Each structure stands twice: as structure tokens, then as C-alpha cells.
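Undergrad: The lines below spell out each chain.
There are 2 protein chains.
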Amino acid sequence: MVRWEPGAAERLQKAALELFATRGFEQTTTMEIAESVGLTERTFFRHFSDKREVLFHGQQLLADAFLAGVDSAPAEASPLELVAAALQSSASFFPDERRAHSRTRQSVIDQNPALRERERHKLASIATTLADALRRRGVDEVAATLAAESGATVFSIAFTQWIREDEQRSLAGIAAEVLRELLTLTATAAERIPR
Amino acid sequence: MVRWEPGAAERLQKAALELFATRGFEQTTTMEIAESVGLTERTFFRHFSDKREVLFHGQQLLADAFLAGVDSAPAEASPLELVAAALQSSASFFPDERRAHSRTRQSVIDQNPALRERERHKLASIATTLADALRRRGVDEVAATLAAESGATVFSIAFTQWIREDEQRSLAGIAAEVLRELLTLTATAAERIPR
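Chains as they are written, first to last, in our numbering: chain A, 1 to 195; chain B, 1 to 195.
FYI, nobody ran anything at the bench for these hints, they're computed from the structure. Values in this document were obtained by computation on a predicted structure and should not be read as measured data. Keep in mind that the hints are not guaranteed to be accurate.
If several chains are the same, the list does not tell them apart, and a pair holds so long as it fits within one copy or across any two.
In silico lysine to any residue, SDA-like type, Cα no more than 20 Å apart, as pairs [stated by the list, open to error]:
#, residue 1, residue 2
1, Lys14, Asp71
2, Lys14, Thr104
3, Lys122, Glu81
4, Lys122, Asp110
5, Lys51, Thr160
6, Lys51, Thr22
7, Lys14, Val108
8, Lys122, Asn112
9, Lys51, Asp166
10, Lys122, Ser156
11, Lys122, Thr22
12, Lys51, Asp132
13, Lys14, Leu123
14, Lys14, Ala65
15, Lys51, Arg164
16, Lys122, Ser170
17, Lys14, Ala73
18, Lys122, Arg169
19, Lys51, Glu181
20, Lys14, Arg52
21, Lys14, Ala68
22, Lys14, Gln88
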């Protein structure tokens, strides 16, 4: 009979991140992660398919947060207003109390080329999911891709700033500023690039 | 003594693409590629490190074409004008007579998840290279990333359209239209997203 482990996934995740950060991702085994919180490797594999998934299992929730933002936007919202709503909603996934965790996670990822590739892939999937959501809202093919990719770029830049040492602003605030910078950049160009 | 093989790289590339397209990438060996044009496998490996490199060896030349565009832009060009120049320059890398080749190459890549990942990685590298070039032109960190990523997205959308069946427009023309669409999208948003 499988015993129910209260909060096992959270305990495993916290322990794994600490081990990855101190010993290195490659050097840490699933057995060590499990044992460090008094659980078995079998329990680990009930929650995560491998140690990499400890770092990426929130991906679907993050994608859902983007989509919830699109859903909450008014019917007349333009494509980039939908993206702005998605960015604000995604930021709720990263409250300030999660900043330290996100910083540690990123430092682990930065040290490992395969994890960096996986993180890039995660962002690309979120952009694709967001573009699909825009299309379902009636945005045409090209505009949906342009707006969604812009949203993913803004998210990525804002997130990098949010986890900087000593950064105090919220992710929502930073994302709004970066999006505004994109609008300013393109407004300047719109006047000067010939039709 | 190594015999000089006139145009061996080009012949190998053409043969490889045909084999990949008809038999499948996984099913084609470097030996078969070499033998199909009367060359040895050793000759193949003098030109390409593996069969995947046949599909990607133009990457540096493409990146160089983007950079040449940035270099050719006037000193007062705004970040997105630099990107517009880079896009126009990159299009010169894909004259219309290369369209059939590009179509076949893309169909091979689309059928293989690892090749799709490699192609995504290639585009990401080009965006990074372009952002670095913008920084060297004095564009600040965030603006350089936003502009370069926008450029990579525009390129990717334009390229997908350019290789569509029956498409007649040049890549330069399509890229200019897609960039214009991005400017229109953001102009609409700039009026409506609160500061």
C-alpha cells in the first residue's frame, strides 16, 4: 500500500534545488534527493519522471497563467493588449516571496547547457501556446505569432531583471516597463521606416 | 595525397538533401551520400563533421549577412531601423533560385524533432548575434534584445511564407511587410495600453 506523503513533491523540489545549487545538477542523484528528506527513490519517481522535471514541472501552470490573462481581457482588446494581460497574469505566478527560489533555479540552469536548452524550449512552447490562444480570439496568423513572440521576449527580459541581485520591483511592474519600451522602440521606427 | 575535388561540398550537399527528402534523414548514411556522387566517406568528412552539418553549415554565412546589414545602416539609424537593414541584407542570402532548395531543406527539418530543435537553436543564436551587434552600435541592453528578437521573429515568419507553395514574392519584400505589420500592431497598442 502506498502511504500518502503530505507535501512530498514540495519537499523533494526544495531539497533537489539545494543539492543542485551546492553540488551541481549532474552530480546529484534522485536517490540523494529522496534520502535528504527521508523519502525513498520510489516516492521521488511517483512525483517526477526524472531529476530534470523537478526544475520544469511548473511549466504547464505558467502556460495556464498566460492563458488566464488572455481569457480575462475584454472582447475588444487588440492583440498586444491580450499579450499585456497575459504578461500581468503570468507575473502572479511569481510573487516576491518566490524570487529567491527563482534565482537559485536560474543559477542551476545557467550552469548546464542541456538545461538552458530545455528552458529555451519551455519559453518557445509558451509562445506557441499564447499564439494559439490569440488565434482563438480571432487574431490573424501573422499578428498572433508576432504578438505572442513579443510577449515571450518581454517576459524573458523582465524575468531576468526580476531575479537580479537587489532588484525590488515586482515582475508585473518590470514586465509593464519592458513592454512599454518595445512600444516606444517601434513607435520611433514606424515614423522612419518607409512603407 | 588528397585529390582536390571541384565543388565536392556542393555536390555532397545536393545529394544529401535529395536522399534526406526521399528516404528520410535518419535512414540516410554518410556513406550513401558520398557514394551517390562518386566520392568516399572520407571526402564527406573533410567537408562536414556529420550529416546534420550538411543542413546547417550555412548558419555562419546567414549570421554574417544579418551583421552586414547592421554595418551598412547609417549612424543615426534607430534600433529597429538597424534590424530592418539586417533583414533586408539577410534576404540577399535567399535569392529566388534558392527557394526550391530551401523548401526541401525545411521539409526534411520539419519531419525530425532533433533537427527542428537545432533549427530553433540556430535562430536563437542569430538573434543573440544581432543583439550584440546592436549593442556595439550603442543600443542599450533591453532595447537591443527587444529589437533583435523582433527581427528574428519577423525573419522566421517571412521565411515560412517565402517557402510556401506558389509564393512569388521575394523574401526581402515579405520581411518588409511582416515588419510593417509588427509596427502597426504596436502602434495600435501604444495608444491603448496605459503608461
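Undergrad: Since the copies are identical, ignore which copy is meant and state whether Lys14 and Gln88 lie within 20 Å (CA to CA) inside a copy, between copies, both or neither.
TA: Classified as neither: same-chain Cα gap 26 Å, cross-chain 49 Å, threshold 20 Å.
Undergrad: Is it within a copy, between copies, both, or neither that the alpha carbon of Lys14 lies no farther than 20 Å from that of Val108?
TA: Answer is within: at 13 Å inside a copy they meet the 20 Å cutoff, but 42 Å across does not.
Undergrad: If the cutoff is 20 Å on CA atoms, where do Lys122 and Glu81 land: within, between, both or neither? Let me know, please.
TA: neither (23 Å within a copy, 30 Å between copies)
Undergrad: Please work out whether the CA atoms of Lys14 and Thr104 approach to 20 Å or closer within one copy, between two copies, in both situations, or in neither?
TA: For Lys14 and Thr104, only the intra-copy Cα distance (10 Å) is at most 20 Å; the inter-copy one is 47 Å.
Undergrad: Please work out whether the CA atoms of Lys14 and Ala65 approach to 20 Å or closer within one copy, between two copies, in both situations, or in neither?
TA: Intra 22 Å, inter 46 Å, cutoff 20 Å: neither.
Undergrad: Since the copies are identical, ignore which copy is meant and state whether Lys14 and Ala68 lie within 20 Å (CA to CA) inside a copy, between copies, both or neither.
TA: Classified as neither: same-chain Cα gap 27 Å, cross-chain 48 Å, threshold 20 Å.
Undergrad: Under a CA distance limit of 20 Å, which applies to Lys122 and Ser170: within one copy, between copies, both, or neither?
TA: Answer is neither: 22 Å inside a copy and 32 Å across each miss the 20 Å cutoff.
Undergrad: Is it within, between, both or neither when you check Lys51 against Asp166 at 20 Å Cα-Cα?
TA: Neither. Shortest intra-copy (30 Å) and inter-copy (47 Å) distances fail the 20 Å Cα cut-off.
Undergrad: Given a CA cutoff of 20 Å, do Lys14 and Arg52 count as a within-copy pair, a between-copy pair, both, or neither?
TA: within (13 Å within a copy, 39 Å between copies)
Undergrad: Evaluate Lys14 and Leu123 at a C-alpha cut-off of 20 Å and name the case that applies: within, between, both or neither.
TA: Intra 23 Å, inter 34 Å, cutoff 20 Å: neither.
Undergrad: Up to 20 Å between alpha-carbons, please classify Lys14 paired with Asp71: within, between, both or neither.
TA: neither (32 Å within a copy, 48 Å between copies)
Undergrad: Is it within, between, both or neither when you check Lys122 against Thr22 at 20 Å Cα-Cα?
TA: neither (24 Å within a copy, 32 Å between copies)
In the structure shown, a violation is registered for the earlier hints numbered 1, 3, 5, 9, 11, 12, 13, 14, 15, 16, 17, 18, 19, 21 and 22, in ascending order.
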